[in-house]
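Enquirer: Same order as they appear, the protein sequences are chains E and X. Under the numbering used here, the first sequence is numbered contiguously, ending at residue 324. Under the numbering used here, the second sequence is numbered contiguously, ending at residue 202.
Take these hints with a grain of salt, some might be off.
[Stated by the list, open to error] Pairs of lysine to any residue, SDA-like flavour, derived with a Cα cap of 25 Å:
id: 1; chain 1: E; residue 1: K37; chain 2: X; residue 2: L197
id: 2; chain 1: E; residue 1: K73; chain 2: X; residue 2: N186
id: 3; chain 1: E; residue 1: K73; chain 2: X; residue 2: L109
No lab work stands behind these hints, which were simulated from the structure alone.
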Amino acid sequence: MEKPGDGLAMVFKGERDGRYRRKDAFVFHCRDHSLHTVDSTAIFEQLEKYSDGMHKFSAQSRGVGYLDENGKIAIAAQYYDGSDFSNGTAMAVIHEGGGKFRHPQIDKLGREIAAQSPLIGEQSEQEKKVERIKSRTLADFRPFDKMNSPWVYVYKTEKDRFIEHTLEERKHFDSYAWKQKCSPDRNRKEMFGDFLQDYRLIGMSRRQVVDLLGPADVGGYQTKEDYLRYQMEPIQSESCTQQSTTSIRIVFNTEDRVDYWYYTNGFAKTPSVKKDILLAPATYLYPMFAPGEISAVPEL
Amino acid sequence: MAAESAFIGGSIGVVDTHRHQIIPSKFSQIDYLGLGLYQTTSIDLPDQFSYGKIHEIYDHDGHLLKLKIPEGCTFDGLYWMGEKAEGKRQAEEKENSPPMLKSSDLLKYLPADALLRVKRNNYFGISDVQGNLVLEPE
């Protein structure tokens with residue numbers, strides 16, 4: 025059973041049907057203890073939470089839609105992805121083909137309220153800054169000081185794709201919010217950035233990782249890797265022709281301590297990060313750092 | 065008064081900012097529920113992560129809350145804090161990290177409309193704080 029959001033929660037009778045998909049789903053109202061049958065065409069591939077009286081669901085091959093508090097489909101499954109509802113609106117993600125995405129704001133009837141932000145394919149100021157160091161090799165940075173200056177983690181793959189961590193405002197890692205997969209103002213990527221700033225991940229015991237990040241979404245032993253995997257949101261990447269749900273994979277050594285970590289989306293993975301974040305003043309990031317200079321950066 | 069769970073000798077307890085013990089260090093996991101309540105998980109060494117099956121709730125002074133659980137069921141966790149307390153908990157979650165509450169906000173017992181997650185034969189159900197099942201474990 026899910027944790028309640030706004031006093032509403034999805035509960036499931038009987039055995040699990042597959043990995044995430046379940047049958048005999050009901051909406052439980054905590055206030056009056058009533059139970060409402062969920063529309064049988066709604067399939068849940070991942071447990072979410074009620075937010076603002078609406079529940080995100082995904083129907084295989086049709087995309088993401090929303091259920092109302094009585095378990096009826098309020099907005100049919102049609103989106104590539106969508107945010108939780110808040111104050112009567114949510115942000116939908118519509119795949120327009122060719123690597124282009126649109127992010128309209130929708131109301132509880134699925135009507136678009138206003139066009140949102142430029143297409144992901146267009147370069148933002150931050151992306152332009154990243155562009156300046158695109159010829160560099162793997163590096164991860166963060167500011168020397170404890171001020172609120174932004175820090176960036178950048179990597180370059182063989183195909184010139186990048187992921188960046190940019191935190192405009194430094195915040196402490198909120199373990200509870202991470203475990204709940206729910207933070208009012210922080211997405212998973214940002215929360216993981218907070219985590220990296222507050223803790224030394226490399227060398228951390230499995231137990232400490234689980235204590236801070238909670239049980240993994242997926243864990244296992246695969247391709248000689250003993251790992252824990254945590255789901256992230258889709259991450260924007262430059263000149264990326266597809267988007268998919270990214271996860272972070274934390275790999276343990278034979279002593280059950282973190283050996284390295286990397287991002288993966290099932291199709292590709294980033295280079296492994298084998299040591300704790302290096303320190304660098306934000307001003308150092310642009311436009312310097314030729315390959316080789318990274319070793320001059322003092323270690324944490 | 066702020067408090068945080070901490071590793072002490074491989075088990076977890078809670079100390080306040082003056083290092084006074086609130087909850088003894090004998091648990092595999094402690095989750096802060098909000099409004100001064102902590103949920104503990106016992107230690108089970110054979111388990112991969114040492115997580116045991118016994119869950120309890122402590123208040124901010126380290127007192128164990130007595131919970132009424134339906135017969136044949138075991139307590140698995142706090143499910144819902146109740147209408148009023150849930151609103152306060154969410155406000156606390158948004159505004160404070162670590163939580164700094166007024167003493168009047170700290171709960172000494174679960175509100176009457178709170179709900180508990182209970183377990184029976186590996187199925188989950190929901191009970192109220194009076195020990196009545198409101199959702200059968202099935």
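Enquirer: Check each numbered hint against the structure and report the violated ones by number, ascending.
Expert: 3
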